[in-house]
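Model the full structure from these sequences, guided by the hints.
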Amino acid sequence: AQTVTQSQPEMSVQEAETVTLSCTYDTSENNYYLFWYKQPPSRQMILVIRQEAYKQQNATENRFSVNFQKAAKSFSLKISDSQLGDTAMYFCAFMNNDMRFGAGTRLTVKP
Amino acid sequence: DSGVTQTPKHLITATGQRVTLRCSPRSGDLSVYWYQQSLDQGLQFLIQYYNGEERAKGNILERFSAQQFPDLHSELNLSSLELGDSALYFCASSVGPTSGGTSYNEQFFGPGTRLTVL
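Those sequence lines, one after another, are chains R and P. Reminder that position 10 of the first sequence reads as 10 in the numbering used here, one-by-one numbering, no gaps. Just add 111 to wherever you are in the second sequence, counting from 1, and you've got the numbering used here.
Derived from the structure by calculation, the hints contain no laboratory data. The structure presented is a predicted model; accordingly, all values stated were derived computationally and were not measured. Mixed in with the good hints there might be a few duds.
[Said to hold, decoys possible] Derived, one-sided and incomplete: chain R residues facing chain P with beta-carbon distance under 8 Å: (1) Phe91; (2) Met99; (3) Phe101; (4) Val109; (5) Pro111.
Every residue, glycine too, gets a C-beta built ideally from N, C-alpha and C.
Okay, structure coming up:
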């Protein structure tokens with residue numbers, strides 16, 4: 001069974017600084033997708049970034065980028081130039097036949 | 112606004128009762144997914160439907176059941192409720208189903224239904 005592990009329950013960063021959130025997963029599949037979702041206090045689930053396992057190039061979306069290491073089964077999220085609005089829970093997710101989420105990392109951006 | 116609607120927003124009920132949560136997918140989406148999020152935890156996949164047919168099953172209890180109707184809306188039925196069933200229940204929809212990690216259809220999440228069992 002696929003499992004997703006986020007080892008950092010909470011993190012904080014100063015505004016305008018860079019922070020990296022960690023995620024590891026376990027699977028025997030070769031084809032899959034990885035995601036980072038943001039859940040602000042409103043509880044809405046918002047897709048931040050997506051990575052296809054067959055792509056070696058790391059995905060980037062504006063200030064958000066990932067470091068995808070397929071052999072190590074690692075998928076970290078880097079947030080550059082952190083903004084107060086980035087304060088939220090961040091969930092790493094793995095998708096093959098269904099979607100599996102990690103337990104989340106609570107990120108606080110401090111002014 | 113994702114285009115996925117869920118009703119009700121909040122639901123408070125007692126142990127032993129039965130409730131029904133409703134989800135309307137985005138226009139054009141054929142797949143519906145249900146997730147449970149207990150307090151400060153990640154989302155647990157419950158079940159997926161595609162065009163009326165059950166497509167995948169996750170950690171769904173036998174006390175829970177779901178269905179997708181011909182108009183593509185879906186209902187999640189929770190019965191013999193226990194205190195531990197208190198959670199945020201999300202519905203998501205996508206154009207097509209997931210397919211072994213070789214096809215991608217973005218899931219759009221609804222705002223969730225917060226269920227409180229007293």
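Consistency of the hints with the structure:
no. : hint   : verdict
1   : Phe91  : 6 Å, holds
2   : Met99  : 6 Å, holds
3   : Phe101 : 4 Å, holds
4   : Val109 : 19 Å, violated
5   : Pro111 : 24 Å, violated
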